[in-house]
Structures are given as C-alpha cells and as structure tokens.
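Q: Here's the letter readout for the chains.
2 protein chains.
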Amino acid sequence: MRIKENTRFLIVGLGLIGGSYADVLIKKDFHVSAFARRKETIDIALSKGLISEGYDYVNEDVIKKSDFIIFALYPHIFIEWIEKYAHLISPGTLITDVTGVKSSVVYRVQSMLPQGVEFVASHPMAGREVSGVENASGDIFKGANFVVTPTPDNTEESVETVKMLGWMLGFARVSVLTPEEHDDMIGFLSQLTHCIAVCLMTGNEKPNLERYTGDSFRDLTRIARINDVMWSELFLLNKEKLLSNIDVFMAELQKLRTAVKDDDVDTMRKMMRMSSDRRILFDKKK
Amino acid sequence: MRIKENTRFLIVGLGLIGGSYADVLIKKDFHVSAFARRKETIDIALSKGLISEGYDYVNEDVIKKSDFIIFALYPHIFIEWIEKYAHLISPGTLITDVTGVKSSVVYRVQSMLPQGVEFVASHPMAGREVSGVENASGDIFKGANFVVTPTPDNTEESVETVKMLGWMLGFARVSVLTPEEHDDMIGFLSQLTHCIAVCLMTGNEKPNLERYTGDSFRDLTRIARINDVMWSELFLLNKEKLLSNIDVFMAELQKLRTAVKDDDVDTMRKMMRMSSDRRILFDKKK
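From first to last, the protein sequence lines stand for chains A and C.
For the first sequence, my numbering begins at 1 and goes up steadily by one.
For the second sequence, my numbering begins at 1001 and goes up steadily by one.
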C-alpha cells in the first residue's frame, strides 16, 4: 500500500498519541476515522477538528473501507482487539501501531492477521507528561525520532510506506531496527530512565526537598509522573532487556562510586569528559 | 551589615554565577566591583554593563572599600584566596559565597577571617549547561531556590542580610539549613543526579542511540555535559554524603528491579503512584 491523497486512515485509540497522529493527518486533508472507548473522547476530537468521523464502538463498515489503520492502544488491548476483530479488515490494508515494546507484540499480531493484511510495527519516540486527546497536538513530533521495526514477513513497499508516515507526521529522523534491537534500545533509553526517575522520587522521603532543589533534579524526574498501568505493562513485556539494562547502569554507577570512594580523580574526570563529549550527539535537531 | 543604597559590592570570580549576580546588582544601581583572573573576562563584563569596575589582579584599595564581598570561585581557590588576602578585608565587611559544598568550606573560612569580618555561606541553586561571563544573566535565578547555611558563629543580622540578597537576586524561595543538612541534601538532589547522568552517558556505547532517543533520555542527561574539574572537586569535598546517597538510590533501584523480575505488578504500580504524587511538589514556581 502506498499513501495517496484519497487514502482513508483509521486510528484506533484516541489518547495523546492517537489524537496527535489525527491532528497531523487531518491537516493534510486526509479522511481520518477514529474509534475510542468513550463517546466523550470522540466529542472532544470532533470539536478540536482532529477527525473526520468517530465511533465509540467497532464500526465494521469503517474498518472495511480503511486503507491504513493505526493502533494507538496499550499493548494487551491491541492484541485483544486483533484477536477479536482482525477478520473484519480488508485484504490490501496496511496496519501500524505506536506500541512501546515490539518483539512481544509484533510476531503475535502478524500471526493473527488474515491473508493480504500487513502489519509493519513502528514506535514514535514522542510523548508528554500529560495524556488524553485534549492535549493532542502534532507539534509533539517536531524534532523527535520515529523507529520502524519490520520483520522478514514485511514487504519493502509497506516498510517504505510506514517510514513515509513517520516523515509525514513531522519526525526529524526515521530509522529502521529489528524488533529485538528496538527492545534493547528502549530498555536503555526509555525504560531504564523511567525506573531511575521513579527511584529518585521514592527513595528519599525527607521533607521539603522541593525547597532546595535545582533544575538538575527537576530534569531527572520530569518523567517521574508516570502512568502506572501502562508502564508496569511495558516493563513486564520487555523484562529481560530492562533487567539487563538496569544491571549495565548499576555496574557503571558502582564504578563511579568506587572512583569517588578512592579519591580517584583521574577516573572521575575521564568519565565526565567522555560523558560531555558523548552528550553533544543527543542534542535535539532543530 | 545591612544592604543600603550606597552598599559597595565586590564580586570575586566572574564566571556564569558571579556574572549573573553582577547583572542583577548593577541593574539595581549598586556599585559593583569585580576581580577576575583574566583581563578578557573583565572586558566582556564591562562591555555587557555588568560591573562598575573590574581588575585582573587583587586590588587592595577596592577590597578595603567593599561592604559586601561575594566569592564565586571553585572551593579550593576560594580557600586559597582567603588564606592569602583575608587580612586586607576591613572590619564590618560581610562575605558570602556560591560554593556547592558547605561543611568542608564554611568552618575553615570562618576560622581564617580577621576580627569583625563575617562570613555567612549561601548556595544559589541555579546554573546552566553553559559557563562563562558571556552567558551571565540574572534571569537564571527566576523560579530557583537559594539556600543560606549559617553557623553558630553568625549574627542574626548578617544571616538576614544574606537572605535578603537571595530575595534581591530574584530567587523564588530562600531557605536556611545547617552546612551538614545542606551537604546531605545536595549529595542527593545535585551530586547523585550528576552521577546518574554521567553513567547513563558512559555506560552504553552502542552506536546511533541518538537516532532512537526520546525526550526522557535527553532530560536525564542534559547535565551530562559537565565541568570535570569543578565536579570532581565537589564530589570529593562531599564524599561521605555522596556515597551514602548513591547507596540509598541503588537500593531503591534494586527494589524496583526485583519487582520487575518477580512480575510484582503491585509493588511496581505502588512505586509509580508514589512517584507521580510526590513529583507534583517539585514543579517550578511560576
């Protein structure tokens, strides 16, 4: 499937990310249908002009007519949806998702799809510390990264189409990884960082710390305001990679701790210089 | 000493922080003298209108005439300066500093001062990932915290004057802690967070991670661009408190790791909810 001007999109799940996809696509004059669990969500999306039409139930007719379906659901709800409704999807339809873990989801979903329906998984590396369609905006993708995680079952054409979706949405960089590479990467860059932020917040209950803090602690804990239902699910779906990344980090922190304990200024400074040099790579693209 | 309109300030050390103090004070029409090591620094400060006069040497006459001296130097340079030149300071002069560690500095400096010269230590909890007088601006104090760390040797009047300096500089909150409380607090909020940022940067050298990262990793590593000379000094001057705070954090991360390993969703979610609730306290005051 290639995106053309009459391509009909269906977004299943209208949270922050689903709503933000809708925001970009509708502004490019595509037909954007959406399913959400609650009528209120649909009403907000319609009043914000994010969608062409919306339903608080699974509308079979809309599924049949859709060319490109984007699932913006929690992983287990996505899998349940596919189990129940995949047979309604027309041959030739392309599917992608926004799920934050891949190898535990991608192969399973691919195995349940009817003949002629293709799923190319992807992960928009964007988010905010607020949620819900009321906060949706295509602006959250500016300067951000988009990762496509195809499997050997995918066709080159469909992989290219999902990459094109990433560019269209406004992402600064579009990359391709295997599901396994993605999960290791995300275990480090995203899941470990959320673990650290939570532990900084829960590990020290001294009163009034907020009266003394500087920006460094605020930076490291912005993501400590965390959706406990979603993230505990994501952690368990990527357990082995997350555990090994926690171990790598703890070993490194132990190394720095030993340097401090032993007055080993050389090691401390070497680590700090390496850190400073390497951090430059991660500046957001303008 | 109380601040009046004819109070003469001397700032020793014109880096980012010293220059930013100067920026605020000169805009309030105070007379602001400054010492810096390099002539170029003085020239930049003069051309930016940050100071009334500046010297790249220790001008005895300026020291004698100053009512309020602010030391914005690395800890060991501050101590060396006091050893060499404290005898030049006139009785009745008030001194403060900006040093990031306190108990290893405050008592030592107080013990070296001539009769009638008082040192009330303080710590502006503000900074940027850039340095130098060329980046100085009083704006960096907006919404930030200022901590005064008096000892039993200080007079109530002088402590009040240094608190007033914090308010005048534009800090959102001014607090008082003992030097020991300060060092424990800073070991957690500032030094531990810098250790974490460095270890995130140095612990995983996989290539191209910057292509896949989201904002969470960027947030947690903004401070990974770190001045290795200054921070290795600060770490060693606060060694015991830093080590114990690293240990507290590692134990908490180990607790979360165990919850992930054991599929213990209850503990994970409980930690995440506690984290989310507690993080609200740390939002920056507008």
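Please keep in mind that the hints were generated in silico from the structure rather than gathered at the bench.
Quick reminder that beta carbons are idealized off the backbone N, C-alpha and C, glycines included.
Don't take every hint at face value.
As the list claims (entries may be wrong) - Listed next, the in silico DSS-like pairs over lysine-lysine satisfying Cα-Cα at most 27 angstroms (straight line):
no., chain 1, residue 1, chain 2, residue 2
1, C, Lys1048, A, Lys206
2, A, Lys261, C, Lys1239
3, A, Lys206, C, Lys1284
4, C, Lys1239, A, Lys206
5, A, Lys270, C, Lys1239
6, A, Lys239, C, Lys1255
7, C, Lys1239, A, Lys255
8, A, Lys206, C, Lys1163
Said to hold, decoys possible - Now the in silico label distances, taken between C-beta atoms and shown as ranges:
no., chain 1, residue 1, chain 2, residue 2, range
9, A, Pro152, C, Arg1128, 40 to 50 angstroms
10, C, Lys1270, A, Ile77, 19 to 29 angstroms
11, A, Glu156, C, Lys1270, 41 to 51 angstroms
12, A, Met112, C, Gly1132, 19 to 29 angstroms
13, C, Asp1139, A, Arg273, 38 to 48 angstroms
14, C, Asp1139, A, Asp283, 17 to 27 angstroms
15, A, Arg211, C, Pro1091, 26 to 36 angstroms
16, C, Glu1180, A, Ile77, 21 to 31 angstroms
17, C, Lys1206, A, Met112, 41 to 51 angstroms
Q: Next step is simple, just say for each hint if it's right about the structure.
A: Now the hints, each set against the structure:
Between Lys1048 (chain C) and Lys206 (chain A) the alpha-carbon distance is near 42 angstroms, which puts this suggested pair outside the 27 angstroms criterion. Taking the CA atoms of Lys261 (chain A) and Lys1239 (chain C), the gap is about 7 angstroms. The hint holds against a cut of 27 angstroms. Simply put, Lys206 (chain A) and Lys1284 (chain C) have alpha-carbon atoms about 19 angstroms apart, close enough for the 27 angstroms limit, and the pair holds. Proximity of Lys1239 (chain C) to Lys206 (chain A) is assessed by CA-CA distance (about 20 angstroms); at most 27 angstroms being required, the pair is judged to hold.
Simply put, Lys270 (chain A) and Lys1239 (chain C) have alpha-carbon atoms about 18 angstroms apart, close enough for the 27 angstroms limit, and the pair holds. For the suggested pair Lys239 (chain A) and Lys1255 (chain C), the alpha carbons sit about 15 angstroms apart, so the restraint of at most 27 angstroms is met. Under the criterion of a C-alpha separation no larger than 27 angstroms, the hint pairing Lys1239 (chain C) with Lys255 (chain A) is consistent with the structure, at around 15 angstroms. Under the criterion of a C-alpha separation no larger than 27 angstroms, the hint pairing Lys206 (chain A) with Lys1163 (chain C) is consistent with the structure, at around 23 angstroms.
In this structure, Pro152 (chain A) and Arg1128 (chain C) meet the distance hint of 40 to 50 angstroms, their C-beta atoms being roughly 48 angstroms apart. Checked against the given bound of 19 to 29 angstroms, the beta carbons of Lys1270 (chain C) and Ile77 (chain A), roughly 23 angstroms apart, stay inside it. Take Glu156 (chain A) and Lys1270 (chain C): their Cβ atoms lie about 46 angstroms apart, and the range 41 to 51 angstroms holds. Under the hint 19 to 29 angstroms, the C-beta atoms of Met112 (chain A) and Gly1132 (chain C), about 59 angstroms apart, miss the expected range.
Taking 38 to 48 angstroms as the suggested C-beta distance range, the pair Asp1139 (chain C) and Arg273 (chain A) does not conform, at roughly 29 angstroms. Asp1139 (chain C) and Asp283 (chain A) have their C-beta atoms about 21 angstroms apart, which keeps the hinted 17 to 27 angstroms range intact. Taken as a hint, the range 26 to 36 angstroms holds for the pair Arg211 (chain A) and Pro1091 (chain C), whose Cβ atoms sit roughly 34 angstroms apart. For the hinted restraint 21 to 31 angstroms between Glu1180 (chain C) and Ile77 (chain A), the CB-CB distance of approximately 51 angstroms leaves it violated.
Taken as a hint, the range 41 to 51 angstroms is violated for the pair Lys1206 (chain C) and Met112 (chain A), whose Cβ atoms sit roughly 32 angstroms apart.
This entry does not satisfy hints 1, 12, 13, 16 and 17, going by the numbered hints stated previously.
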